[in-house]
Amino acid sequence: MDNSMDPAPLAPEELRRLYRLITAARQLDLAAVAWQRQGIIPGYAPALGQEAAQVGSAFAMDPKRDFIFPTYREMGAALALGVDMTEYMSTHKASWHGGLYDPVRTGFAPIQAVVGGSVLHAVGWAHGQTLNGGTGGVALTYFGDGASSQGDVHEAMNFAGVLKAPVIFFVQNNGWAISLPTEAQVAGGTVAARAAGYGMRAITVDGNDAPAVVSATREAAAHARAGHGPVLIEAMTYRRGPHSTSDDPGRYRSLDEERRDAGPDPVQLLADRLLAGGLADRDFLDAALEEAKDNAERIREGVEALGPRPGTEMFDFVYAEPTEALKAQARAWREESEHV
Amino acid sequence: MQQALNRALAEILAEDPKALVLGEDVGRLGGVFRITDGLQKRFGVDRVMDTPLAESGILGMSVGLAMAGFHPIPEVQFDGFAYPAVNQIITQLARMNYRSRGTLPMPVTLRVPSFGGIRAPEHHGESLEALFAHVPGLKVVSPSSPHEAYHLLRHSVAVPDPVIFMEPKSRYWQKGEVNLGHAGPVEGAKVVRPGRHVTLVAWGAMVARCLQVAELAAEDGIEVEVLDLRWLKPIDAAALAESVGRTRRAVVVHEAPLTSGLGAEVAALITEHCFDTLRAPVGRVTGFDVPYPSGDLEDEYIPNIDRILFGIQRVLEYRRG
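So the protein sequences, as listed, match chains E and L.
According to the working numbering, the stretch in the first sequence is residues 1 to 340, in order.
According to the working numbering, the stretch in the second sequence is residues 341 to 661, in order.
None of these hints come from the bench; they were simulated from the model.
Watch out, some of these pointers could steer you wrong.
Unchecked claim - Rough simulated footprint, nothing fancy, chain E against chain L, three-plus residues with beta-carbon under 8 Å:
#1 381-395
#2 436-445
#3 474-488
#4 505-512
#5 535-547
#6 644-652
It should be emphasised that the depicted structure is a prediction, and the values quoted were computed from it without experimental measurement.
We put the CB at the ideal spot given by N, CA and C, even for glycine.
Let the hints inform the model, and build the full structure from the sequences given.
So, in structure tokens, the structure goes:
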């Protein structure tokens, strides 16, 4: 852990808000796995155990001027940022790749499956803020220990280092890239160790500790906003469940290993802190849990109410200026499908 | 053509404060082909940016810059070095407008010095048009002359979608008039030589070669029409139908390998539109299904005048069995 960091402690009200958010993320995550089992959604990428890393990092950002570049597992970050979660979950409902929310309005780029794919976009967007005369906006890009093997991630870090782009590379090292453990994925032991080679500051943080993640991300954002260049944060987490709802972690690790390696539960950890510090009581925790369950239930209703997308949409967004050939295909599709 | 492209870029940068040129060596050096010569001096290092040597990085950065409201004009130095960027081009650049339901359009023009003909080392001469034309979300264009280079580049940058701009590198030093005041139509194909016996369909460097062929064929009384396809995605099917509807015979000429090349698409479109009037199957004169050969064998690979003349002869002499 980076001991040089001495961030301002979070205010009691912030800690309580953080707790409500990570509880909401936990409940929504558990619910989404259940929805998959119930056939409400075809698939989902669980984030169990990564709530503190996701919620904490997004909590530290300013949605008015910052931009977040997620992968397909940043549900907690989306929730903390205030993205409409029915629109977010629509991607798992198979309504629309990328989700139905508006990335420009929310400051949350479309969900996508290419690991490392959006890390370069964060650098480009961040450099754009510099070119725009310094908007103060910071890009926050997520990737995992698996994606850290991708060439795009290395290219992004090098570009960002050279350009001093205001971008935070937020690695959630959850120990596994589907079936491959970190030690077989990351040479050199940690992703953070690589930052030095790109002339970039690195912070390693306990990814189970939500307030620590908030502080680290605030520190990094301040560094980037001040024009000192990019920062890499490696949050050490653990992917408690499967990689996705179609994965079977029993084929590559035992339940005993899972219990041994997972570390403290981030939600429980924060609850204990709040109680020990006298910042919250049982009633507060119970109310947060109830609120979180209600929230997940409301989102389920929203997701279930999502009808199939109109077929015309398939053609609508391919181009900003569609080609005549594509318009003709859309017309033909409409005529032929109306006869069915 | 080099000067026409340089001038177009200079005007684009002067008129559009959001336009940016980025790539390897585009700044101080002015590009290995000097297409960006003097631009950094005039517009500064922020507008004409020398990047680290990483093609995927250049394209990925361009996607992010477009998300931030810029109009990036990235360059990859040679066609064969677009391959490392293909993931970003296909999974990101081409799809971002779709993925974001139209909220993140990608007005990015990727300039690629393309095709062969300069006896360059391996991977410095490739024909990627079929690869890019196959990808939904991309538009693909290739100019054949200085006039086309100037106007098509200016138009491509104004298109709100990703355009792959394939510059025929063997024609960079070709001289020719540019009518600055009158572009003519900048979309679709263009008849560059009218004729009534057969249509040659070509793009990029092959247009000039087909014009030479037409000149020679005329000595034997064969009137060859040359159609410069220009836009390889979208392909101007109406122009193909119009021309071949009149000449009733067509030969597609391209440098890329035969199998699954763009010639197959052109032939299919002609068949769909002109089946009743065609006098012969659409001919193809192309490169071969081999890796792009070394300089010594390049002239054997790229369709030459004789091979194109044989192609014309085959469709003219075709008799139904």
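Verification of the hints:
no.: 1; hint: 381-395; result: holds (count 4)
no.: 2; hint: 436-445; result: holds (count 10)
no.: 3; hint: 474-488; result: holds (count 3)
no.: 4; hint: 505-512; result: violated (count 0)
no.: 5; hint: 535-547; result: violated (count 0)
no.: 6; hint: 644-652; result: violated (count 0)
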